[in-house]
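A.B. asks: Given next are the chains, with one letter for each unit.
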Amino acid sequence: MKNFATILPCYAADTAGVCSALYELGGMTVVHDASGCNSTYATHDEPRWVEQPANIYISALTEMDAIMGNDEKLLADITAAAADRQPAFLALCGSPMPMMIGTDFDALARELETRTGLRCFGLHTNGMHSYLAGASEAMLAIAAAYVKPCEKVAGIGVNILGATPLDFGLNGMMEHVREWLETNGFTPVSCFAMGNALAQLEMAAAAHVNLVVSCAGLAAADYLQRTYGMPYVCGVPVGAMFSERLAVALRIAADTGKTTHPCTFRSDAAPRGMVIGEGIYGGSVAAALTAMGIPTTLLCPLDAAPELLGGGDIAAEPEAELRMILAQRQPEFVVADPLYRYILPANTKLIPQPHYAFSGRCFDKAIPDWTGERLDADMRGNGL
Amino acid sequence: MKQYERPRSIPIAEANRDGFFPSGLEYNPPARGTWNIVHTGMLLPEAHQIYACAQGCLRGVVLTAAEMNAMERMSWIALTEADMTAGQLEESVIDGVNAIIDGLPYRPKVILLFFSCMHLFAGCDVPHIIAQLSEMHVDMHFTDCYMIPTMRQNMPPAVLTAAALYDALQPLPTNPKAVSILGNDRPTDENAELVRMLRENGYVLRDITLCRTFDEYLQMAEAALNLTYLPVAKMAGEQLQKRLGIPWLHLPVCFHYDEIAECYRLLCETLQIPLPDFSADIADAEHALETAATMLDGMHVAIDFTAVSRPFELAELLYDHGMNVRYVIADAAGEDGAFFDRLQLKCPEIRVYQAVNVNMLQMHAEPHEPVLCIGQKAAHYFASDHFVNIVANGGYYGYAGVKAMAELIMDAFTHPKDRKTVLRHKGIGCESCLM
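Those sequence lines, one after another, are chains A and D.
Counting in my numbering, the first sequence runs from 1 upward without gaps.
Counting in my numbering, the second sequence runs from 385 upward without gaps.
If you are wondering where the hints come from, they were derived from the structure by calculation, not from laboratory data.
No experiment lies behind these values; they were computed from the predicted model shown.
Where a beta carbon is used, it is the ideal one built from N, C-alpha and C, also for glycine.
It cannot be assumed that every hint is accurate.
Said to hold, decoys possible - Label-pair distances were calculated between CB atoms; the ranges are:
#, chain 1, residue 1, chain 2, residue 2, range
1, A, Ala107, D, Asn708, 48 to 56 Å
2, A, Ile252, D, Asn453, 25 to 33 Å
3, D, Gly487, A, Ala270, 50 to 58 Å
4, A, Asp104, D, Glu456, 41 to 49 Å
5, A, Ala107, D, Arg491, 15 to 23 Å
6, A, Ala107, D, Asp795, 51 to 59 Å
7, A, Leu350, D, Glu670, 20 to 28 Å
8, D, Asn482, A, Thr187, 55 to 63 Å
9, A, Glu244, D, Phe598, 22 to 30 Å
10, D, Asn482, A, Arg110, 42 to 50 Å
11, A, Arg380, D, Asn453, 26 to 34 Å
12, A, Arg380, D, Pro511, 54 to 62 Å
13, D, Glu574, A, Ala76, 48 to 56 Å
All chains should be built: construct the whole structure from the sequences, respecting the hints.
C.D. replies: Right, dumping it as structure tokens:
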């Protein structure tokens, strides 16, 4: 089905995912795109832009440079900016026009490493995929380049993988996830990629298990599993009961070395509600509600691997398909970004969960922190 | 001051008039008041905007509409890799537009259909698409519009969109007493002599910013004369002159009294109306400027190009009236090149800043002396809560515009603003869900 929308917004793109994932790590990220296109990321996809400026720039690509294949200008501009800004590393990613002309980002990255002496990542975005794809590639690149073998921490060390404000906003939720880990006897080691500097991410191999909180962390999790034998657990500690399940799953994974997906927990009972959202976070909310005795499924409009879909879950992207599914299922309630209100069946109640990657700044002050019991309280407040 | 490979500022005396800084990587400062093509498109009553672009390009325009609480007037078609390689670029757009129209709860009068850099780069047959859609939906007007920032140097999207707004106008018998102003994002200040002269001489003044319905908009085609005063609007005037035969005058927003006088002389000569005596208006402007200079008492002043289309002309005016202009944020001299030349000699100590330079990233966090800023970018970079909050001249024009600028400066001096909140609002004057 053709992807068009009469009224819904689209999700943040892969380039925004790259920028968001690398934002706090001290590097310099360059999106190879036209002047002005950085305004979209800076305005709508990046809540840290004003208070926590970072070296995220656009190459100001022109039609003539594209036609003439003038990569030398890009290389010279990045080299000059790197000399001025002194970043820890460089990352270069692409937009639709570089895709059209076949820009070789790996070759450009190698050339930049030679010119600047800095590590440089060529990332393969084209502005046509969701933020999860870009963030995933960026987190994998950081893990592969910087994580080194090291001694394990005492107790059960845990890395958080896949955290960006695009999914979790800036409402303190990731701090609460860290607190939750500590309260449950785990040792937080690193967080890819909020609230930690590059030096902390380098120590990720000191952990025993990874907690993957969005699909953006899956590629890095797979890499760390392959390379360091670290299993991972997919889920976000939302809701009191689901958080307990997740803690148990982390302990079992650390013990057995087996990866699990608690976010897919569903009930055989007829579902009352649906969550529209990101595969792991949205799936966790559905699991939390189900654990509370409110059978709920996930409608995932973003990239979600089949293993992340629980019983009754469905992946769908175009607006028309989403409308059709909602009309068929007629859920009693839907947990979703408020801008989904336009396509809900008349009798379906909306429980708002603003999602920065969808509605940007529109409801940023209302993005909920549903860690632990906070979800239960909010759901009770919504009459569930 | 740190020596950069790519300096963020230079003394005006060393600046090359045609381009002050080499192009390079660009930073995007968090000052959101300038309008984009979505804001402009929303000016056309009963029109619906459809963007056919890649997801990354769609995101900014769609959320602009969302923040304006105007999602019901915006739709999109995502361009994919398959669209680019399957040889069905045109069919993909046509099918998408048809599906969107079928799903709309109303029949728009006009569809503003935006194509992207990718379409032009791939040689998409835009006239074919417009012709096909026009044939399928005879009750609608389809206008091809362009979001093509890679081609910004030759075909700036803001200019193309300002012109596209008038594409739906159809020929009407000329009303000798009707004048339209084209290409504005807000109505012209009612105090402007321009407005006063037209009204006193019995002219109906039309402006798309004042049109509440599509029918009102269509009446713009009866104008005996079209006026533009913003640089971005010139193409709109040119095109309507060519397509509908409506005479057009470009009377730029000026700050120098001789330039303003010349604009008014041209207007009166064209309309065959008497040229008024403006001495009282000039005296009012002078008085306001002198009062502002006294109030500022040497406080440094910064001007940025988003506030006014002729920042160097404004800089000279303020400098000549005793205000301490120290900084101008601009990439090149435009219509005010002659004033730039004079400033180079008159006050070579003025520093010119590049708005998008990567080394501007932390400038707002550096220590600054108190600076009265004209424009949002200046307010951000100089971390000043004392700023004039306008874009694109704010609708002010003529001697009354000079007086208004002096009054805005005094107001900015007296009443500091909540800078972060104000700068966050996208598109000054537009509705916003953030406020």
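A.B. asks: For each hint, tell me whether it holds in the structure or not.
C.D. replies: Quick rundown of the hints versus the structure:
{"no.": "1", "hint": "A:Ala107 x D:Asn708: 48 to 56 Å", "result": "51 Å, holds"}
{"no.": "2", "hint": "A:Ile252 x D:Asn453: 25 to 33 Å", "result": "48 Å, violated"}
{"no.": "3", "hint": "D:Gly487 x A:Ala270: 50 to 58 Å", "result": "30 Å, violated"}
{"no.": "4", "hint": "A:Asp104 x D:Glu456: 41 to 49 Å", "result": "43 Å, holds"}
{"no.": "5", "hint": "A:Ala107 x D:Arg491: 15 to 23 Å", "result": "51 Å, violated"}
{"no.": "6", "hint": "A:Ala107 x D:Asp795: 51 to 59 Å", "result": "55 Å, holds"}
{"no.": "7", "hint": "A:Leu350 x D:Glu670: 20 to 28 Å", "result": "59 Å, violated"}
{"no.": "8", "hint": "D:Asn482 x A:Thr187: 55 to 63 Å", "result": "57 Å, holds"}
{"no.": "9", "hint": "A:Glu244 x D:Phe598: 22 to 30 Å", "result": "60 Å, violated"}
{"no.": "10", "hint": "D:Asn482 x A:Arg110: 42 to 50 Å", "result": "46 Å, holds"}
{"no.": "11", "hint": "A:Arg380 x D:Asn453: 26 to 34 Å", "result": "30 Å, holds"}
{"no.": "12", "hint": "A:Arg380 x D:Pro511: 54 to 62 Å", "result": "59 Å, holds"}
{"no.": "13", "hint": "D:Glu574 x A:Ala76: 48 to 56 Å", "result": "51 Å, holds"}
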